[in-house]
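*Asks:* Required output: the full structure, derived from the provided sequences and hints.
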Amino acid sequence: MAHYILRRLLTVIPVLLGLTVIVFAIMAMIPGDPATAILGSYATPENVARINKALGLDKPLVQQYFIWLGNILQGDFGRSYTQNRPVIDIITERFGNTLILAGTSLVLCSILGLLAGIVSAVRQYGLTDKLVTFFVLIGISIPSFWLGLLLILLFAVKLQWLPASGMYAIYGGGGPIDLLKHLILPAFTLSVVATGVVARLTRTSMLEVLRQDYIRTARAKGLKERRVIMRHAFKAALVSVIPVLGIQAGFVLGGAVYIETVFQWPGIGSMLVTAISTRDLLTVQGGVLIVAAAYVLFNLVADVVQTMLDPRLR
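Taken in order, the sequence shown gives residues 10 to 323; the numbers are from this note's numbering.
If you're looking for bench data, these hints aren't it; they were derived computationally from the structure. Any given hint could be a false lead.
Said to hold, decoys possible - Taking lysine-lysine and the DSS-like style, the derived pairs with C-alpha atoms no more than 25 Å apart in a straight line are:
no., residue 1, residue 2
1, 244, 230
2, 167, 190
3, 244, 233
To be verified - Have a look at the derived ranges for each label pair, beta carbon to beta carbon:
no., residue 1, residue 2, range
4, 56, 302, 48 to 56 Å
5, 97, 30, 14 to 22 Å
6, 112, 24, 18 to 26 Å
7, 220, 167, 42 to 50 Å
8, 223, 94, 54 to 62 Å
9, 223, 75, 54 to 62 Å
10, 15, 136, 46 to 54 Å
11, 70, 302, 19 to 27 Å
12, 83, 233, 55 to 63 Å
13, 37, 136, 31 to 39 Å
14, 19, 105, 26 to 34 Å
15, 102, 220, 46 to 54 Å
The beta-carbon is built from N, C-alpha and C at its ideal position, and this holds for glycine as well.
*Replies:* Right, here's the structure in full:
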């Protein structure tokens, strides 16, 4: 098992190097001049040339990439043009907030998706199965940002049960209860699509397992149906579901970009939107790279867990 984990870690290295190339190339293709965006009304040709030289933007792109990559390998993500602060400090401040939102959403979609898939498979072709399938299809089809706006309109504007934006109340907030109130709407919105995906795959995997001979044998021995479902069928079906949970972990982390914008959540997603609008390239490159690396890490963990659960893979 240790050899397998080491082998998978080694395969992550070229993936991360490829990510740095893609992130740098995409940012280089974005139209506009960072120096002009920084200087604003003071963007004379002389000032633009001076800023480009100070930031190293006058060098060839290949040289700029290797300078940036060398700095990253030393833990230096550069300095934000607009905030005049180290990029790593900005990311560190925001990434924890994003992990709270994405982690809560992942827990929600895992629990709700697995339960919905199990119930739907056990009650195949019944009313419960049809209702679960109906709501799952609706959840997958609705754009998350639009659902978020509808939830704000209903629960924050009309009913006034929950806050519409932010992570804490502006006045008198800051406790766990306040955080939970602000977390409910964005976490639920972010988890809806992932819940539908997990539920559909769980249902398919459960139906395939329930048709196996050893399940019929377990029932013939007189085991209780709940024990057959949870102890035998669900454990076998979970092996197929875990890789999708890893993919959904990356999905909710990436989806936090627009959900944080809708709910004004102070995470790395809203940071990226602001940095893109101000052409703060180093902040965008650092933020995207961290999110992409986290996505790769989540999938690595999912692969390891799947291998631990399935002896055939070992």
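*Asks:* Find the hints from earlier in the document that the structure breaks and name them by number, from lowest to highest.
*Replies:* 4, 13
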